[in-house]
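Trainee: Each chain, letter by letter, is given below.
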Amino acid sequence: MSPFILLAATQSDGQIAQIARTFGVDWQHLGAQIISFSIVCAVLYKFAYRRILVMLEQRRQQIAMGIANAEKIKAELDKTESQRLEVIAQAHTQGARFIEEARAAAARVQQEETKKAIAAAEQIMKKAYEAAAQDHDRMLAELKREVGNLVVQATTTVTGKILTAEDQRRLAEETSKQIAV
Amino acid sequence: MKITKKAKREAKQLYRFCLLKGLLDENRARQVVQRVVATGERDCLPILTHFLRLVKLDRAQHTATVESATLLPADLQTKVQTELAHRYGLGLTTAFAQRTELIGGMRIQVGCDVYDGSVRAGLEALKKSF
Numbered sequence: 000m001s002p003f004i005l006l007a008a009t010q011s012d013g014q015i016a017q018i019a020r021t022f023g024v025d026w027q028h029l030g031a032q033i034i035s036f037s038i039v040c041a042v043l044y045k046f047a048y049r050r051i052l053v054m055l056e057q058r059r060q061q062i063a064m065g066i067a068n069a070e071k072i073k074a075e076l077d078k079t080e081s082q083r084l085e086v087i088a089q090a091h092t093q094g095a096r097f098i099e100e101a102r103a104a105a106a107r108v109q110q111e112e113t114k115k116a117i118a119a120a121e122q123i124m125k126k127a128y129e130a131a132a133q134d135h136d137r138m139l140a141e142l143k144r145e146v147g148n149l150v151v152q153a154t155t156t157v158t159g160k161i162l163t164a165e166d167q168r169r170l171a172e173e174t175s176k177q178i179a180v
Numbered sequence: 000m001k002i003t004k005k006a007k008r009e010a011k012q013l014y015r016f017c018l019l020k021g022l023l024d025e026n027r028a029r030q031v032v033q034r035v036v037a038t039g040e041r042d043c044l045p046i047l048t049h050f051l052r053l054v055k056l057d058r059a060q061h062t063a064t065v066e067s068a069t070l071l072p073a074d075l076q077t078k079v080q081t082e083l084a085h086r087y088g089l090g091l092t093t094a095f096a097q098r099t100e101l102i103g104g105m106r107i108q109v110g111c112d113v114y115d116g117s118v119r120a121g122l123e124a125l126k127k128s129f
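Protein chains in written order, with numbering that gives the first Met the number 0: chain A, 0 to 180; chain B, 0 to 129.
Treat the hints with caution; some may be incorrect.
[Unchecked claim] List time: in silico SDA-like cross-link candidates among lysine to any residue, alpha-carbon distance up to 20 Å:
1. Lys-126(B) - Leu-149(A)
2. Lys-176(A) - Lys-55(B)
3. Lys-55(B) - Cys-43(B)
4. Lys-160(A) - Arg-98(B)
5. Lys-78(B) - Lys-143(A)
6. Lys-127(B) - Lys-160(A)
7. Lys-71(A) - Arg-58(A)
8. Lys-176(A) - Lys-126(B)
9. Lys-127(B) - Arg-137(A)
10. Lys-176(A) - Lys-127(B)
11. Lys-78(B) - Gln-177(A)
12. Lys-176(A) - Thr-81(B)
13. Lys-143(A) - Lys-160(A)
14. Lys-160(A) - Thr-99(B)
15. Lys-45(A) - Leu-29(A)
16. Lys-176(A) - Phe-16(B)
17. Lys-143(A) - Leu-75(B)
18. Lys-126(B) - Leu-139(A)
19. Lys-143(A) - Lys-126(B)
20. Lys-176(A) - Gly-88(B)
21. Lys-176(A) - Cys-43(B)
22. Lys-126(B) - Lys-45(A)
23. Lys-126(B) - Lys-71(A)
24. Lys-127(B) - Asn-148(A)
25. Lys-176(A) - Tyr-87(B)
26. Lys-176(A) - Ala-94(B)
27. Lys-78(B) - Ala-179(A)
Everything labelled a hint here was simulated from the structure, so no lab data went into it.
Chain A with its partners taken away, still in its complex shape:
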């Protein structure tokens, strides 16, 4: 468009029309382009942007959920860690208690075994004393019996030679008296 044309439009239709003419604006083409552009925008909005926005929203939600989950996991981890520490502390305490109990039990068992050993030793000594006493009694009885036998043998040997006829008669009469009783 030549500057002369633009000058002519300005002079006739005003300033805007003059500018439009200067820049080559065709109102019909411009309106059609605006309408077609609006239609394209509406179609894109409906079939592309909305889905993208939905997808972005989903991603955003997933990311938020992931962050929340991560925080939750972190909290769980912290909780688990604290529980672990608590369990370890309890286990330590319990282990110490068990060790103390085991020591006490071992001491008790040792004491009981000592008592048993002492009792067994006393029993053995008592039996030994009893056996010794029995042996002593038995030997004493045997000695007594042996001495008795020797006495009887000596008496038997001596008596036959000592007894006179009168003694024999007296003894016989004593037996005879037993019948009369």
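Starting from the known structure of chain A, fit chain B onto it as the hints suggest.
Mentor: Structure of chain B alone, referenced to chain A:
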């Protein structure tokens, strides 16, 4: 040989038949044995076996065995016989014997009764006491 109750009962009856005034009559006993043998019954052997046992017991109960370390004087023998007769009644046979093992004293046995006043018995008692 098994001696049945019946045989024992019959032997006891025969033994009672042989008693005369409470004493065993030897002649009757001989006659009884001869009669039983003569009958030849099957049970005669068990009967006579038990009869013999009863007679032996009777003889043991009516026999006094007097043992002494030395032979007893006659007067003492008579005294012993008199006392035995007084205690066990008449019909008692007394046998005197010498046993030097008795050392001293006298031992009299009548059936199951024993009167032991010997020195040997005293020594045995002393020995047992040890």
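Trainee: A separate judgement is required for each hint: does it hold in the structure or not?
Mentor: Cross-check of the supplied hints:
1. For the suggested pair Lys-126(B) and Leu-149(A), the alpha carbons sit about 9 Å apart, so the restraint of at most 20 Å is met.
2. Annotation: proposed proximity of Lys-176(A) to Lys-55(B) is violated, straight-line Cα distance about 28 Å (limit 20 Å).
3. For the given pair, Lys-55(B) sits about 18 Å from Cys-43(B) by alpha-carbon distance, which is consistent with the 20 Å threshold.
4. Annotation: proposed proximity of Lys-160(A) to Arg-98(B) holds, straight-line Cα distance about 15 Å (limit 20 Å).
5. Of the supplied pair hints, the one linking Lys-78(B) and Lys-143(A) is violated, its CA atoms being roughly 41 Å apart against a limit of 20 Å.
6. A hinted pair counts as satisfied when its Cα atoms are at most 20 Å apart, and Lys-127(B) with Lys-160(A) does not qualify at roughly 23 Å.
7. For a cut-off of 20 Å, the pair hint linking Lys-71(A) to Arg-58(A) stands: about 19 Å separates their Cα positions.
8. This hinted pair does not check out: Lys-176(A) and Lys-126(B) have alpha carbons roughly 25 Å apart, beyond 20 Å.
9. With a C-alpha separation of about 16 Å, the suggested pair Lys-127(B) and Arg-137(A) falls inside the 20 Å cut-off, and the hint holds.
10. With a CA separation close to 25 Å, the supplied pair Lys-176(A) and Lys-127(B) exceeds the 20 Å bound.
11. For the suggested pair Lys-78(B) and Gln-177(A), the alpha carbons sit about 13 Å apart, so the restraint of at most 20 Å is met.
12. Among the hinted pairs, Lys-176(A) with Thr-81(B) is consistent with the structure: their alpha-carbon atoms are about 12 Å apart, no more than 20 Å.
13. About 26 Å separates the Cα atoms of Lys-143(A) and Lys-160(A), which puts this hinted pair outside 20 Å; it is violated.
14. For the proposed pair Lys-160(A) and Thr-99(B), the alpha carbon gap of about 12 Å is at most 20 Å, so the pair holds.
15. Between Lys-45(A) and Leu-29(A) the alpha-carbon distance is near 24 Å, which puts this suggested pair outside the 20 Å criterion.
16. Between Lys-176(A) and Phe-16(B), the direct Cα distance comes to roughly 36 Å. Violation of the 20 Å bound is thereby established for this hinted pair.
17. Among the hinted pairs, Lys-143(A) with Leu-75(B) is inconsistent with the structure: their alpha-carbon atoms are about 39 Å apart, more than 20 Å.
18. Distance check on the hinted pair: Lys-126(B) and Leu-139(A) sit about 15 Å apart at the alpha-carbon level, within 20 Å; holds.
19. Only pairs whose Cα atoms come within 20 Å are accepted, and Lys-143(A) paired with Lys-126(B) is accepted, the gap being roughly 10 Å.
20. At roughly 17 Å between alpha-carbon atoms, Lys-176(A) and Gly-88(B) fall within 20 Å of each other, so this suggested pair holds.
21. Taking the CA atoms of Lys-176(A) and Cys-43(B), the gap is about 46 Å. The hint is violated against a cut of 20 Å.
22. Among the hinted pairs, Lys-126(B) with Lys-45(A) is inconsistent with the structure: their alpha-carbon atoms are about 143 Å apart, more than 20 Å.
23. In summary, the hint linking Lys-126(B) to Lys-71(A) is not supported, as the alpha carbons are separated by about 109 Å, beyond the 20 Å threshold.
24. Of the pairs offered as hints, the one joining Lys-127(B) and Asn-148(A) holds, with about 9 Å between alpha carbons and a cut-off of 20 Å not exceeded.
25. Using a Cα cut-off of 20 Å, the hinted pair Lys-176(A) and Tyr-87(B) holds, with the two alpha carbons roughly 15 Å apart.
26. Simply put, Lys-176(A) and Ala-94(B) have alpha-carbon atoms about 18 Å apart, close enough for the 20 Å limit, and the pair holds.
27. Taking the CA atoms of Lys-78(B) and Ala-179(A), the gap is about 11 Å. The hint holds against a cut of 20 Å.
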